[in-house]
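> Residue numbers (my numbering), protein chains in the order written: chain E, 1 to 161; chain G, 1 to 359.
To be clear, the hints were calculated from the coordinates, so they are not data collected in a lab. Don't take each hint at face value.
What the hints assert, rightly or not - Dumping the calculated BS3-like pairs for lysine-lysine here, alpha-carbon to alpha-carbon at most 27 Å:
| # | chain 1 | residue 1 | chain 2 | residue 2 |
| --- | --- | --- | --- | --- |
| 1 | G | K336 | E | K13 |
| 2 | E | K155 | E | K102 |
| 3 | E | K33 | G | K71 |
| 4 | E | K101 | E | K130 |
Predicted model only: the values in this text are computed from it and were never measured.
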Amino acid sequence: MKFLIEYIGTVLKSISSLWSGMRLTGYYFTHPKEIHTQQYPDNRATLTLGERFRGEVVLTHDENNEHKCTGCTSCELACPNGTIKIVYKNVVDEEETGKKKKAIDEFVYHLGMCTFCNLCIIACPTDAIKMSHDFEHSTFDRKSLTKILNKPGSKLMKGVE
Amino acid sequence: MFYDFSILTSKIHSWLLAHCDSGWTTLLEMVIVGLCVITLFVVLGLIFVYMERKVAAFMQFRLGPNRVGPKGTLQAVADTVKLLMKEGFTPQAADMFLFNLAPFIVLSVSMLALAPLPFAKGLQIYDINIGVFYLSAVSSISVIGILIAGWASNNKYSLLGAMRSGAQIVSYELSAGLSVIAIVAFTGSMSLSDIVESQRTGWWIFKGHIPAVIAFVIFIIAGTAELNRAPFDMAEAESELTGGFHTEYTGMRFAMFFLAEYVNMFVVCAIGATLFLGGWMPLHFGNLEGFNHIMDYVPPFVWFFGKTFFLVWVIMWFRWTFPRLRIDQLLTLEWKYLMPISLVNMIIVAFVVIMKWHF
Ligand code: SF4
Ligand code: SF4
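Please construct the entire structure, taking both the sequences and the accompanying hints into account.
Have a look at this one:
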């Protein structure tokens with residue numbers, strides 16, 4: 001008797017679990033309006049990408065051409081692919097101390113080697129870099145995939161260090 | 001009532017008899033039927049390929065094919081053209097004769113299974129009085145084709161896939177047969193046209209109470225397993241066996257397996273629709289005269305294809321919802337669950353029939 005009850009219980013339980021799966025796919029099937037697929041080349045002008053979409057790494061600059069990168073190389077160390085290379089220069093801090101100090105000269109980013117893993121963005125202590133939504137990176141020359149992220153003449157934002 | 005195809009067929013028959021002797025008449029009628037069947041095959045293949053891809057896409061929140069032709073309707077045609085243009089490659093170590101024979105066996109089995117199906121009143125290739133028996137006999141031949149394909153390819157994946165498929169079809173044949181017997185017991189006839197006729201007052205799934213519903217569910221599960229479709233696609237199991245028994249097949253010979261799979265799906269669903277959902281009988285509700293009358297105006301083949309396509313859709317729904325079973329789970333399901341349940345169910349059906357509890 002106990003066996004029979006268990007047996008019927010298994011059957012009913014599996015039916016209900018199968019049904020819950022079928023209900024989900026059935027819901028998807030009956031709600032084609034909710035499909036997220038983008039018809040990309042057709043809707044290029046109105047394309048909407050998800051918040052967390054990872055297109056490429058960019059260094060954010062504000063309107064005064066200032067960025068927040070201190071050159072700490074955390075991102076360079078965090079990157080599993082050696083995609084980022086921080087090149088320094090020495091600048092003289094004229095306004096305050098008048099001493100020499102390090103600053104980034106070039107933030108080199110090899111887009112061709114990036115796997116968009118987001119580790120560099122997590123590693124950055126000052127939130128200087130972020131992922132942009134540009135993804136149309138195809139090009140005929142591999143060299144153009146090596147980018148200098150800091151804009152010419154840009155400097156460190158005040159109060160970041 | 002209004003749509004009786006036997007008038008049309010008897011007209012063709014008498015016209016042919018008037019113009020040539022009886023031997024030629026039979027031959028010509030066979031040719032006509034053969035052409036119809038092949039046309040049906042091609043049309044079904046095209047429709048099912050498109051339907052499968054669209055249903056799969058919608059169930060997975062995708063759009064599916066939408067570039068070739070309006071809404072992607074010509075996608076299946078493009079696929080067919082691609083398969084036609086491919087090289088028909090035969091592996092060097094394969095058994096040439098059997099390798100080439102296997103797809104034909106599989107395809108002709110699915111053609112044979114079309115014979116006793118009543119598409120509409122009078123629209124039946126061969127009204128054989130043991131239709132149900134014939135169907136279960138014929139449908140189990142396809143496993144031979146699959147085994148030959150697996151063996152002749154001389155490839156371990158093919159052989160493994162074929163063996164799995166053999167184990168699977170042989171075991172699921174049992175519960176499929178038992179659930180069909182339930183309806184045979186209700187009707188008291190094995191002829192499919194009699195079975196349809198007996199559902200004039202209501203479909204068996206309604207008339208037969210719970211035992212008929214159980215038989216229907218078991219039939220659909222066992223039918224899916226016999227078709228080698230996911231979640232029972234052990235024979236193909238892309239992730240384990242690359243392609244199963246058709247790993248080595250290319251071009252048109254692959255297409256024949258593919259087509260046979262889809263036509264088999266049609267046949268199983270047509271059997272299910274005929275036995276449980278009333279075949280080409282329109283939907284009738286007891287006393288609603290007006291409603292019943294309107295339903296009578298819908299042509300019977302529309303009813304037949306509507307029910308069949310509904311079942312096809314349900315089987316596709318299974319496929320795109322459930323993950324594939326392991327071989328031991330597969331056999332457990334059959335031998336520990338479906339088999340005993342359908343045996344007990346059969347006894348209940350016999351009891352219901354004896355006590356005349358069904359309508
Ligand atoms: S996203 Fe990953 S791979 Fe790309 S630069 Fe950052 S850490 Fe390196
Ligand atoms: S981007 Fe961030 S982590 Fe990388 S060097 Fe600049 S401050 Fe450091």
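> Given the hinted pair E:K101 and E:K130, is their Cα-Cα distance within 27 Å?
25 Å, holds
> Is the straight-line distance between the alpha-carbon of E:K33 and that of G:K71 27 Å or less?
The given pair, whose Cα atoms are some 15 Å apart, holds under the 27 Å limit.
> Given the hinted pair G:K336 and E:K13, is their alpha-carbon gap at most 27 Å?
Satisfied, since the Cα-Cα distance of roughly 15 Å is no more than 27 Å.
> Below or equal to 27 Å on CA atoms is what counts here, so check E:K155 against E:K102.
12 Å, holds
Of the hints listed earlier, there is not a single one the structure fails to meet.
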